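Q: Take the sequences, apply the hints, and build the full model.
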Amino acid sequence: MGFGESFKREVGKNTGKMVSNLLFGDSHSTPYRRVEGRKNSKNIVTSSFDDARAQEILNRSERERKNQLYAVDSAVLQNIDLLNSQTIPTEKRELLQLLSELAVQLKANTWGEEENDDEAKIRNKYTDALLEKFRLSVYEFEMISPDDPHLEIYKQLLSKTKKRRFWKKNKSWICLLSLLLLIAIVFLFVTYTLVSSIVLGSLLIIGGLILFLLKRKKKQKEIQTAKDDLAENRQESVFFDLNMNGRIEKALALIWGKYNRSVSPDIMQRKPIFSADGVRDSILFVGVNPSYNPDDDRNLILSSDGNSLMYGSFYQLKDAPDYFRSLEKFASMAGKGYTHINLLYAREDDRDVLLRCNNDFIREQLELTYDTIIRIRPVAIIFFSDYCKELIFGADRWIDPASENDGHYILKGTGIPVFFSDDITVMDESLQMKLIRKLKAIV
13 MGFGESFKRE
23 VGKNTGKMVS
33 NLLFGDSHST
43 PYRRVEGRKN
53 SKNIVTSSFD
63 DARAQEILNR
73 SERERKNQLY
83 AVDSAVLQNI
93 DLLNSQTIPT
103 EKRELLQLLS
113 ELAVQLKANT
123 WGEEENDDEA
133 KIRNKYTDAL
143 LEKFRLSVYE
153 FEMISPDDPH
163 LEIYKQLLSK
173 TKKRRFWKKN
183 KSWICLLSLL
193 LLIAIVFLFV
203 TYTLVSSIVL
213 GSLLIIGGLI
223 LFLLKRKKKQ
233 KEIQTAKDDL
243 AENRQESVFF
253 DLNMNGRIEK
263 ALALIWGKYN
273 RSVSPDIMQR
283 KPIFSADGVR
293 DSILFVGVNP
303 SYNPDDDRNL
313 ILSSDGNSLM
323 YGSFYQLKDA
333 PDYFRSLEKF
343 ASMAGKGYTH
353 INLLYAREDD
363 RDVLLRCNND
373 FIREQLELTY
383 DTIIRIRPVA
393 IIFFSDYCKE
403 LIFGADRWID
413 PASENDGHYI
423 LKGTGIPVFF
433 SDDITVMDES
443 LQMKLIRKLK
453 AIV
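Under the numbering used here, the first residue of the sequence shown is numbered 13, with each subsequent residue one higher.
Treat the hints as calculated values from the structure; they're not laboratory data.
Heads up, a few of these hints could be off.
[Stated by the list, open to error] No more than 25 Å apart at the CA atoms, straight line, and that leaves these computed lysine-lysine pairs for DSS-like:
#1 LYS227 / LYS137
#2 LYS424 / LYS452
#3 LYS283 / LYS262
Quick caveat, the model's predicted, so the values are computed rather than measured.
A: Quick look at the structure:
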């Protein structure tokens, strides 16, 4: 399922990592998210630094830790949105498939110890959402097929999982209550006095009452939080997975396998890069292709098949690099969000060399991108650089020159308005405002 792949991709890769500075290639290159591991601040030997230097290091480590938690939290919330958007089917066969996949996800994503572990608390939110989705799916299956032998298996799994979650959430209280009970039993055996039994019994009752009241207060708080989360999640997430069910990575694996011997090894030996996230009702910015940076193989997110690399959306992220903040600011002035992709996926700095490759190699990448654009359904598209225009502009291509109207064109087969432009981040303000006015007039 899409949510499972997305969770493994985002949360698994974000653990212990964070977004770092934006790196640029040549003048046509596209910058990407960089993530890197961080050293444990406890290993820093402060004795060799003065107090001010030591405090500076500790402060920086704390900021990095918060950024790491923010990245994990963003990934978890996006995948909870994706999980919530997954409709519970009413057809028996489809529902059984969903139950099977949810059961696997529950076994793979167990609850972590939350005490003094903020990251575990964040990750547990996704597992809680998985359990709730599984519970609702089991109830739906019981309604449509109460006599099916699979039902008892899933009900048993649901019961065991709920008990496991109860133990994880209440282990401290259970251990404390067990200790008090043990002390009471020992005390009773030692004293054998009525008075001590009454006093001890009273203490146990009072202690139990206090625990009950504290537990109820905590439960009420959790219920209110769940209600708030439910109200928030009723609004459909603005993000969606462009690589749903491995669509893009599978297509790229086929293309790279097909043209492995007819295209330069310098290009084919480099894993292709693609954007994995789309934003609904957005302005789409399109570059030519990713530049080549060998560090990408280590720092970007590896696809599930291991044959390509992907990057996520920086939209609405507080720590987004300057380049993407500029794109977001521009789109917001037109009253929209933004999505960013490239026409091609091959990593090469020399675009002339790339475009002289096997024509079918280029064509099949473009066909994949066209399909992606149709899925994004942007309100408008802005193609950067003359290289983009060279690839898709012409009567027999994506953009027919005859469709021109007041400085914009129409993407063939759709009603989507298209602009060709320099990268908006290098435009002067007057040219930016001119383009924004045109966008506002048509979106």
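Q: Confirm or reject each hint.
A: Do the hints match the structure? See the list:
Distance check on the hinted pair: LYS227 and LYS137 sit about 19 Å apart at the alpha-carbon level, within 25 Å; holds. Simply put, LYS424 and LYS452 have alpha-carbon atoms about 21 Å apart, close enough for the 25 Å limit, and the pair holds. At roughly 13 Å between alpha-carbon atoms, LYS283 and LYS262 fall within 25 Å of each other, so this suggested pair holds.
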